[in-house]
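Chains as they are written, first to last, in the numbering used here: chain A, 1 to 480; chain B, 481 to 656.
If you are wondering where the hints come from, they were derived from the structure by calculation, not from laboratory data.
All values reported here derive from a predicted model rather than from experimental measurement.
Misleading hints may appear alongside valid ones.
Claimed, not checked - Only pairs whose alpha carbons sit at most 35 Å apart, straight line, appear in this in silico DSBU-like list of lysine-lysine:
id: 1; chain 1: A; residue 1: Lys280; chain 2: B; residue 2: Lys622
id: 2; chain 1: B; residue 1: Lys622; chain 2: A; residue 2: Lys89
id: 3; chain 1: A; residue 1: Lys280; chain 2: B; residue 2: Lys557
id: 4; chain 1: A; residue 1: Lys327; chain 2: A; residue 2: Lys206
id: 5; chain 1: A; residue 1: Lys154; chain 2: B; residue 2: Lys622
id: 6; chain 1: B; residue 1: Lys622; chain 2: A; residue 2: Lys167
Said to hold, decoys possible - One-sided and incomplete, this derived list gives chain A residues near chain B with beta-carbon spacing under 8 Å:
id: 7; residue: Phe46
id: 8; residue: Pro70
id: 9; residue: Ala139
id: 10; residue: Leu145
id: 11; residue: Gly165
id: 12; residue: Val365
id: 13; residue: Lys369
Even glycine gets a Cβ: it sits at the ideal position worked out from N, Cα and C.
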Amino acid sequence: MAGGYKKRVIIEPVTRVEGHGKVSIYLDENNKVNQARLHIVEFRGFERFVQGRPFWEVPVLVQRLCGICPVSHHLCAAKAMDKIVGVDKLTPTGEKMRRLMHYGQTFQSHALHFFHLASPDLLFGFDAPVAKRNVIGVAAEYPELAVQGVMMRKYGQEVIRATAGKKIHGTGAIPGGINKNLTIAERDEFLADIDQMLEWCRGAVKVAKDYTVENLEKLAPFGSFDSNHVSLVREDGCMDLYDGVLRAIDAQGNIIFDGMDPQDYLQYIAEEVRDWSYMKFPFIKSIGPEDGWYRVGPLARVNACDFIDTPEAEAARKEFMAVTNGKPNNITMAYHWTRMIELLHAGEKIQELLHDKDLQGTDLVAKGKRRPEAAAILEAPRGTLFHHYRVNEDDQVTMANLIVSTTNNNEPMNRAVRKVAEDHISGVPEITEGLLNHIEVAIRAYDPCLSCATHALGKMPLEVVLRDAEGKVVDRKKTA
Amino acid sequence: MENETGDVLLIGYGNPGRLDDGLGPALAREIEKLDIPGVNVDADYQLNVEDAAEAARHHTVVFADADTGGPEPFWLKRIEPAGSGVSFSSHSVDPRAILALARDLFGAEPEAFLLGIRGYEFNGFGEGLSERAEANLAAAAKHLEEALRRGAIEEIRPEGWDHSRLRTGTESEDDR
Numbered sequence: 001m002a003g004g005y006k007k008r009v010i011i012e013p014v015t016r017v018e019g020h021g022k023v024s025i026y027l028d029e030n031n032k033v034n035q036a037r038l039h040i041v042e043f044r045g046f047e048r049f050v051q052g053r054p055f056w057e058v059p060v061l062v063q064r065l066c067g068i069c070p071v072s073h074h075l076c077a078a079k080a081m082d083k084i085v086g087v088d089k090l091t092p093t094g095e096k097m098r099r100l101m102h103y104g105q106t107f108q109s110h111a112l113h114f115f116h117l118a119s120p121d122l123l124f125g126f127d128a129p130v131a132k133r134n135v136i137g138v139a140a141e142y143p144e145l146a147v148q149g150v151m152m153r154k155y156g157q158e159v160i161r162a163t164a165g166k167k168i169h170g171t172g173a174i175p176g177g178i179n180k181n182l183t184i185a186e187r188d189e190f191l192a193d194i195d196q197m198l199e200w201c202r203g204a205v206k207v208a209k210d211y212t213v214e215n216l217e218k219l220a221p222f223g224s225f226d227s228n229h230v231s232l233v234r235e236d237g238c239m240d241l242y243d244g245v246l247r248a249i250d251a252q253g254n255i256i257f258d259g260m261d262p263q264d265y266l267q268y269i270a271e272e273v274r275d276w277s278y279m280k281f282p283f284i285k286s287i288g289p290e291d292g293w294y295r296v297g298p299l300a301r302v303n304a305c306d307f308i309d310t311p312e313a314e315a316a317r318k319e320f321m322a323v324t325n326g327k328p329n330n331i332t333m334a335y336h337w338t339r340m341i342e343l344l345h346a347g348e349k350i351q352e353l354l355h356d357k358d359l360q361g362t363d364l365v366a367k368g369k370r371r372p373e374a375a376a377i378l379e380a381p382r383g384t385l386f387h388h389y390r391v392n393e394d395d396q397v398t399m400a401n402l403i404v405s406t407t408n409n410n411e412p413m414n415r416a417v418r419k420v421a422e423d424h425i426s427g428v429p430e431i432t433e434g435l436l437n438h439i440e441v442a443i444r445a446y447d448p449c450l451s452c453a454t455h456a457l458g459k460m461p462l463e464v465v466l467r468d469a470e471g472k473v474v475d476r477k478k479t480a
Numbered sequence: 481m482e483n484e485t486g487d488v489l490l491i492g493y494g495n496p497g498r499l500d501d502g503l504g505p506a507l508a509r510e511i512e513k514l515d516i517p518g519v520n521v522d523a524d525y526q527l528n529v530e531d532a533a534e535a536a537r538h539h540t541v542v543f544a545d546a547d548t549g550g551p552e553p554f555w556l557k558r559i560e561p562a563g564s565g566v567s568f569s570s571h572s573v574d575p576r577a578i579l580a581l582a583r584d585l586f587g588a589e590p591e592a593f594l595l596g597i598r599g600y601e602f603n604g605f606g607e608g609l610s611e612r613a614e615a616n617l618a619a620a621a622k623h624l625e626e627a628l629r630r631g632a633i634e635e636i637r638p639e640g641w642d643h644s645r646l647r648t649g650t651e652s653e654d655d656r
């Protein structure tokens, strides 16, 4: 609790972060940072929204959660519903079509995140004028990079359209399988551009690597701290973004748990509620809430896996791990480098799948014996995503528990904000826009997924709550 | 690649799972059903950077979104490319920024309009539009259909027009 502070600086909205958030910085009378917190306006109502709905509708319904990663929710719910209908193994066509959809999602999301959100900070500096520090600024000075970002995002979106059926309310994945395969015409359209996409991916890895290495002295302490890392991996330890078992390592790389079946996640993960945030704070049960928090997402995935099964991404992973002599990398800004390694991996996976004839198979759906409860885990672009459901005998959902990537990264994002505030704002008499952007740069490394909010014209659902040192609300403002 | 298709692109955007926020996609669905020659229709949860590539391939672009407090039943306004000062997030990109990217990256300057349809219910999860939003949607769809068939889109500024409250920067300098 922040006691004894004198002034409060509030940054809102956090720009270039999906949805809406609020950062409160508590300063004492000497302008030293006393406390800093990231508040996220998250609507927990979605878990209620799906209750009472037929289970086969859920993979389509949950896409409404997020405008940026609807496919991740679609696929994670579908994986849970596979278990509900008693299917433990999909047909080859079903599995590979879903993977193609998922790698398309990862590809477009990572391209958007790096080129659209993060690159202005990297190319122009954290203190650059705000008017320049956006994708229009990138387009003006680095048009080739900007075009690459736009076209890679478009490519991934088209992969999603071809595998999910459409951009809104895609119905590609259904309990037990999928409802369409990939036509030869669709395949050939994607193959025509994949070499160009891979070339751009290689360039993106180089940009992220060179930037990180050249600025390591500045970046290493920026919003950084030691942490545990959690990620899905294949049973042999290979990176697997779609399916696998859960692994947790500590900051030195020691295994905390490994080979965890997604069905058993509640034995390993718990969620803590804090009175100042709408969001939950997950932690590893065996360690406890104080030290059991962890990071998810590209950095955690590259740190936790033993290898990557596509050659160019594996070579890039080895280069990355060499920086820390094979130990986990705990530099927050290294998220961007690992994100680009995953972009390359997704591109390689898309190429590999496009050459697989199983995508034109016609055995689309598997069948099994109904179960009342199931959980599934997926590696969404921003991190590990948990979906857990119970279904009654009338096929209605009676319980849903979702732990989204942003929730998993809640404590790390708060720590990153606090670290940057302490290092860059303490003792400074005037808070400049450039300094405020340092806070946002740290948040953008994780890119929280807050798209549960509406975005209609004139609508920005922000709320400002002012509390005194005792925690009493002294003011509350809500934008129109 | 400027004006490659030489026709009209309608992009309706919003979240159909958030009640009247789905007005944009609902309009896209209505216009798509009409199958008007030369009119391409797209729908998404929000605008994003790749829409610039698609916008650049068309002569005219109409962006359609729900409006929370504007005049009823809808308004239709010409918009121009703008970059500096325009809000950016991965959650949603301003339509004027889409036009700026189309211009700067693809050398295209399509004629562009923003269509705001008044909605009322935004604060819950749920599918379906409110009764009044449905009526506004019908009016907007009728007007747009006639304009598209006529081949001439013009601004509609109902009584009570006031852009000053809009926070997404959809107004141009002359409206401020």
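Inset, instruction - Starting from the hint list further up, note which numbers the structure goes against and sort them upward. - result: 1, 2, 3, 10, 11, 12, 13
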